[in-house]
Amino acid sequence: MKIRVAIIGAGITGASIARVLSKYENLEVHLIDKNPDVGWGVSKANTAIIHGGYDDDPDKYPMRAKLCIRGNRLWHQWVKELEIPHVWNGALIVALKDEDFKELEVLLERGIRNGVPEMRIVDRDELFRLEPGLTREALGALWVPIVGQIGPIPAVIAIVENAVANGVKTHLETEVRGIKVENGEVKGVETNSGFIEADIIINAAGLYADEISRMAGIDYFEIHPRKGEYWIFDEGIPGPKRVLFPTPTPISKGIVVTTEISGHLMIGPNAQDLPPEEKENTATTREGLEEVWEGAKKLWPQLPPRSKVIRTFAGLRPEPTGGDFIIKAEEEVWGFINVAGIRSPGLTSAPAIAYEVAEIIQRDLGIELVEKKKWNPYRREITHFFALSYDKVNELVKKNPAYGKIVCRCNKVSEGDILEAIERMKFIGVKTPSIDSVKFRTKAATGTCQGSFCRPRIIQILAREYGVPPWEVTLKGKGSEIGIGDVKVLVRGE
Amino acid sequence: MAAAIRAKELGLKVLLLDDNDYLGGILPQCIHPGFGIHYFKEELTGPEFAYRLMNKLDGVEVKTSARVLEIINYSDLEKFVVFTSPQGVQKVPTKTIIYAAGARERHAFEIGIVGDRVAGIYTAGEAQTLMDIYGIMPGKEIVIVGSGDVGLIMARRFSLEGAKVKAVIELMPYPGGLARNIMILKDFNIPLYLSHKVVEVRGKGRVEKIKVVKVDENLREIPGTEFWIEADTLVISAGLIPNVKLLTEIGVVIDPSTGGPIVNDRLETSVPGIFVAGNALLINDLVDYVAEQGELAAEGAREFIENGGIPSRRWIRLVKGENVRLLAPHYLSGERDVWIYARVRRPMEDVVVEFPEIGKKIKLPVVKPAEMLRIKLKAEEISKAEDKITMRVVKHG
Chain A
1 MKIRVAIIGA
11 GITGASIARV
21 LSKYENLEVH
31 LIDKNPDVGW
41 GVSKANTAII
51 HGGYDDDPDK
61 YPMRAKLCIR
71 GNRLWHQWVK
81 ELEIPHVWNG
91 ALIVALKDED
101 FKELEVLLER
111 GIRNGVPEMR
121 IVDRDELFRL
131 EPGLTREALG
141 ALWVPIVGQI
151 GPIPAVIAIV
161 ENAVANGVKT
171 HLETEVRGIK
181 VENGEVKGVE
191 TNSGFIEADI
201 IINAAGLYAD
211 EISRMAGIDY
221 FEIHPRKGEY
231 WIFDEGIPGP
241 KRVLFPTPTP
251 ISKGIVVTTE
261 ISGHLMIGPN
271 AQDLPPEEKE
281 NTATTREGLE
291 EVWEGAKKLW
301 PQLPPRSKVI
311 RTFAGLRPEP
321 TGGDFIIKAE
331 EEVWGFINVA
341 GIRSPGLTSA
351 PAIAYEVAEI
361 IQRDLGIELV
371 EKKKWNPYRR
381 EITHFFALSY
391 DKVNELVKKN
401 PAYGKIVCRC
411 NKVSEGDILE
421 AIERMKFIGV
431 KTPSIDSVKF
441 RTKAATGTCQ
451 GSFCRPRIIQ
461 ILAREYGVPP
471 WEVTLKGKGS
481 EIGIGDVKVL
491 VRGE
Chain B
1 MAAAIRAKEL
11 GLKVLLLDDN
21 DYLGGILPQC
31 IHPGFGIHYF
41 KEELTGPEFA
51 YRLMNKLDGV
61 EVKTSARVLE
71 IINYSDLEKF
81 VVFTSPQGVQ
91 KVPTKTIIYA
101 AGARERHAFE
111 IGIVGDRVAG
121 IYTAGEAQTL
131 MDIYGIMPGK
141 EIVIVGSGDV
151 GLIMARRFSL
161 EGAKVKAVIE
171 LMPYPGGLAR
181 NIMILKDFNI
191 PLYLSHKVVE
201 VRGKGRVEKI
211 KVVKVDENLR
221 EIPGTEFWIE
231 ADTLVISAGL
241 IPNVKLLTEI
251 GVVIDPSTGG
261 PIVNDRLETS
271 VPGIFVAGNA
281 LLINDLVDYV
291 AEQGELAAEG
301 AREFIENGGI
311 PSRRWIRLVK
321 GENVRLLAPH
331 YLSGERDVWI
341 YARVRRPMED
351 VVVEFPEIGK
361 KIKLPVVKPA
371 EMLRIKLKAE
381 EISKAEDKIT
391 MRVVKHG
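As given, the protein sequences belong to chains A and B, one line each in that order.
Quick note: the first sequence, position 54, residue 54 per the numbering used here, numbers continuous.
Quick note: the second sequence, position 159, residue 159 per the numbering used here, numbers continuous.
You may find that some hints are simply not true.
Derived pair list, reagent style EDC-like, types lysine to aspartate or glutamate, alpha-carbon separation capped at 20 Å [said to hold, decoys possible]:
#, chain 1, residue 1, chain 2, residue 2
1, B, 363, B, 381
2, A, 412, B, 249
3, A, 412, B, 18
4, A, 279, A, 118
5, B, 211, A, 486
6, B, 140, A, 486
7, B, 140, A, 472
8, B, 211, A, 290
For each label pair, taking beta carbons as the anchor points, the in silico distance ranges come out as [what the hints assert, rightly or not]:
#, chain 1, residue 1, chain 2, residue 2, range
9, B, 72, A, 376, 37 to 47 Å
10, B, 397, A, 307, 33 to 43 Å
11, A, 117, B, 102, 50 to 60 Å
12, A, 194, B, 250, 54 to 64 Å
Source of the hints: derived by calculation from the structure; they are not laboratory data.
All values reported here derive from a predicted model rather than from experimental measurement.
C-beta atoms are modelled at their ideal positions from N, C-alpha and C, and glycine is treated no differently.
In isolation and in its complexed conformation, chain B is listed as follows (with noise of 0.2 Å):
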């Protein structure tokens, strides 16, 4: 939505395509406290943002229930983009596409579970989806997989509800959430297992028990430190995976350590005139910095329209250095201030996050996996850089 109001702002002609009955992707069933405190300076819950973006959207054709089947990139400047909807299926040609298609969920057979195929078993999203759309209660005894945020929200959310959630198992020796979730830890007496994975479950209809393992500093299993934990319901919470696929069949190229595709400061990817923004670009922790990513891609489909392209330049490459494990833009112009969004590997304190080639530094007293940095280069720092530019994250001194 946050792409499609830019756009049409900047006076493009825009279709805004969802393949769900309403707008707003998982923002209408996250009704929790916590967004657009960047984007609206104020703390909404999930569908007060949907809503906030909803009412700006005059002048966008707007179709829902309309799932895209196919992207034809004909040339450069032309392409089609082929839905269905309750209406049939429809052929509409375009200039340019933004793509921002989300996430999925890593289900429990991608994280290696084995044992029974039984009902109880759902996905974060899932779980949040049957109580927060459809008014279903999942299950009493509750166990969840991972530790972060949508887990933990979860978590609680389960809570309010009167269930119990008998424990949160997290593989890493550290949480994966945000700090503020975290809490809720504590808020509702739940205990967290670090270094722990589930390996198996077992029961008849309905999940009935759940084996959890203690793991290693290479997380490898200790033997002898199963225990079983007795629970109707088992939430995965194991990460997001950028959804692709339509790109991936024009031949967008994917950065393996994002999971989305690999993008310059426009946010366009290697296909001309497709952008990507929000979590099919990379997974964010925070909804703001998706509809910045929107906005973004917004101006970088106008500066491809009016040009007929995205004018050739030499373009400065974004490099990983130490403790960086991801990062998006991957190429800078050096013509605009530029957002960086990047995750650390590892937990550090006390660091400098360094960008030697242009002589940048920023000191900040705590890096975490699961909080995104993200940083601002400006134009002219850019432009200092030959080729590139190595972000790396280091011990302060």
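Just chain A, same shape as in the assembly (with noise of 0.2 Å):
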């Protein structure tokens, strides 16, 4: 008999613990998400770094100190294994004044404690070699050479890809309502579609780990939500080869100045608490935009004029009570493991954090892993119109002539790029077609004109492929639907 485990919250943390847990033959995996598709909450809006380890001090977080580094070590693998868009392009926390210094040397001591290899500081010579737009005012840096930048979502997509592809089951668009315990053991997990069977509950749920965890009778810890936000810019505008942060603060890590991924200037975040109840403000506000500029200014002084800006957004951090991340099996009900206050650096430290739990369930729950004969590491990353050599597209045109058809202008995105990512949606259990799940998946609707030109393209191809009338095609998921009705359901008063 197997031994059943809920993970509940679909996020780069449970989507992290899923794949590793899908490797042992005597574990049934159940990974469980309110949304319509997976990492739609912290994992969504946030920086998109694979952080160096050096900025937690391991005697007040120990937890962050410890899995940070590691984190960083796995993401080298995991990104390989997985297929997940990546760069590693190293950082630098750059100096504005003397007293800077100390703290960057404060950083240096710490990086050498959490074992994070190749730091240094540099002068103000080799830092201009390194970074040639940065503001002349800097007068030098810790250079931590191991940072990288991924794609977060799309990072929990390959993930979760991975762990279906051997075995876990995933329940989308499933809200968790209540935790069976029984005898001081959990049983199981109250959802708004149904009992789901469990005999270890792994609590991952974000911004919501606190109530998760008081509906299983422990409520020593809230988490309350910390609002970031963030500018991207148009491409073709020149930003920093490295990732830069200013010297930090007591509060945040401070406004990041990167270039990301897909090649954009992008700028934050800057850092606003919000009270506990709000774990579903992710509104931008002219205020927390504007502190992001100017912050993002004192370090890069080539911003661009604001008509070339084509998305803001935000996100939120689920700051727990101490502090530190909160990973253990609790003590007072048996097989629950509350895995809360995922903070900064919570992307990094996600594969780490997922051996942590093996390791719990082993070791505080007494149950021996037995790994499977055959457990498939890979995971091929969907096609990309624009990452194909033009004899490549030739070669798919020949299999399917959607291969060779734009939908997407900005980003070079093909028919046949979409319906792989919509083909991909299914197997790991989208319900509900939208227009983000396919954005997250395929790049289109990210570029310049920011989908003005593909969404009533993408929609036709979803209402074709899920087989729903176009207007029932949302964007992010039940409520978001993107009309009302043909167009003359109000003429016709209904």
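Taking the hints as your guide, dock the two standalone chains into a single complex.
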């Protein structure tokens, strides 16, 4: 009899745990998320950085300190196995004042303690050779070459696809309403679409981890949302090669200037603490965006005119009581494992968190995990027209002419790319067709025109492939339908 | 299409590429009348205008669903167009290229709207595509940003389909569209807020409310004037930007005021043999002018092919003077009559359009930024100038 594991939350943490647990013969893994697709919570909107592991104080935040550097090392392997878009470009933590060097020394010391390789403090001369466009006021920097960037949602998608290929079952649009505990042991998860039996429940519910924990009767921590806002600029605007950080403050790593992996200059985030009830407040604000602009300008004076912005967005980080990741098997309720408060550097730490959880299951729950004889570590990235040679396109066109037809002009996304995306959405159990699901897999609608040309075409393809009327296609799940009916619906007075 | 037809009439071998599944660009979705008054001397709808042109395409090789990936400017005499279609990627050699790829619309992020990123925010053209190509009704309570022609036409379209257009919000102190389209507001009893802007959208899955604020004469927001409008749809009609990315990749010089290339009176860009017409050249009011530019470009292409390049000469520059925001073409030969397309900066009544170097003056009762000026300069007038001709719009008397 297999041990049933229910993971609540299909973000980067839950997905990574699902992947690692899919290695074991004696586990039956269920991945549950209330959203229509994976990675749509905290994982969706962040700075997309694989951090270097130097800024978490191991005395104050031992979990963060340990898992960040381990996560960084694991990502080097995972991005290759799973074909996740990435770049290992390094980071500079820039000193603008003499006092900043004191803080850089602290970071360097910490990096050494945490086991971060290759760090060093560079002087002004070397700094400008690393990054010529940096503000002339820069005095020096801490150079961390092991820092990288990935596509965060593409990463979640890749991990879930691989997990599903290895037998993990997904339950999307499934909202957890209760945790059933009997005689101090978990029995399962009550959801809007029925009861899911489970011997082990892993709470990776991001911003809602405190609420889920309370459902199991464990309430020693609270999660509050911390908002960060971002600007993304049009392609062709020169940005830095490395990730540029200011010297950090106690609350935040500061406003980053970077060229995200699609080649767009991106700035952000600021840090604004919201009350615990505002866990859905991802609205951008004038004040927040201004703060980001001013902060970014200090490092990167050549910001483009405001008309060159193609998108602004905000994301929420789940800040836990105490500040450190909460990763443990709860003693009062056997089988309940909290993986909560996975704030920054959560994306970096995710693979390490997953192995930590596997270890907790063995060590604290006393379950011996039996490895599968055949476990597939690989997942192939979907076809991206923009990344293909013309010969390769012609090869694909012979099989399916849709690969030759461009749907998104700005980013050169073909209908073939989109059909593949839809096939993969269905493979992991996406039930509601949404433009965002296609967007996150193909990059359609993320270019200069932000989808005003391609969205109507994507809607047609989604409607056809999902067999729904086009107006029922959504932007991002139920409640965000793109229309209210056919064009005569109001005239008919329905 | 107009360029292709004219080029074929002139005896050139023509390949017409379009990335849509159908020809006509945005015309097939413009189901309202008002097209063709100058070009066909009768009033047509957009699909009718496109259909008329399609019927003249005999002898032109046409490929739809064909997206140009790259223009290779090997030399002034040899070029290649690389495009992809359901038949695969092809590379076609050519002597000249007429680029008529139109424009794109400015979107909500470009005009600084903050708040929730929810369903129900569309550009006007996108809403038009949804309704008039695909038969989808986007919403029922609509706020429109921008009183330009597309926004106003969509205001009418929404009203005709039974939706409530709750407001048209215009940043400038005057409306942005042609007079005949501003009438739509009266016809359908739609409130127009001049000197106002939309700053924020809030909603859960879908737009729920839209925040509007008044601006002063310097377009600065006036504190305390904010108000919310409840609506499920926000339509952005905040202007068009010529699509010139493929051109800039080969070094075509762009005029920042038109957003399109700098051209001579053959509509040839700064890269020899690359001609441009329509909204990719500058944003036009009327499809008739767009077609006219297509024909001009075709004539330029023929001259280029016949002569192995447009013959060198002392070009006369056309220069922006008082109250001229943009103009094209930028260089005049003086060898032929030329249509000048221009827009003013601000509305003005009882004006004279002056070309002081050649002593030409045209009186007009009114000029508006929304209405493009189209003025013919005769060859003999142009050749009176030494090196430049200034165009300015000044008060009469």
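Hints and how they fare:
For the given pair, residue 363 (chain B) sits about 17 Å from residue 381 (chain B) by alpha-carbon distance, which is consistent with the 20 Å threshold. Between residue 412 (chain A) and residue 249 (chain B) the CA atoms are separated by roughly 15 Å; this keeps the pair inside 20 Å, and the hint holds. Annotation: proposed proximity of residue 412 (chain A) to residue 18 (chain B) holds, straight-line Cα distance about 15 Å (limit 20 Å). Between the alpha carbons of residue 279 (chain A) and residue 118 (chain A) the distance comes to roughly 38 Å, so the proposed pair goes past 20 Å and is violated.
At roughly 28 Å between alpha-carbon atoms, residue 211 (chain B) and residue 486 (chain A) are farther apart than 20 Å, so this suggested pair is violated. Taking the CA atoms of residue 140 (chain B) and residue 486 (chain A), the gap is about 12 Å. The hint holds against a cut of 20 Å. With a C-alpha separation of about 15 Å, the suggested pair residue 140 (chain B) and residue 472 (chain A) falls inside the 20 Å cut-off, and the hint holds. About 18 Å separates the Cα atoms of residue 211 (chain B) and residue 290 (chain A), which keeps this hinted pair within 20 Å; it holds.
Judged by the Cβ atoms, the range 37 to 47 Å given for residue 72 (chain B) and residue 376 (chain A) holds: they are separated by roughly 43 Å. Taking 33 to 43 Å as the suggested C-beta distance range, the pair residue 397 (chain B) and residue 307 (chain A) conforms, at roughly 38 Å. Between residue 117 (chain A) and residue 102 (chain B) the beta carbons are some 53 Å apart, a value that agrees with the proposed interval 50 to 60 Å. In this structure the hint that residue 194 (chain A) and residue 250 (chain B) lie 54 to 64 Å apart at CB holds, the actual value being about 59 Å.
Hint check: violations occur at hints 4 and 5; the rest are consistent with the structure.
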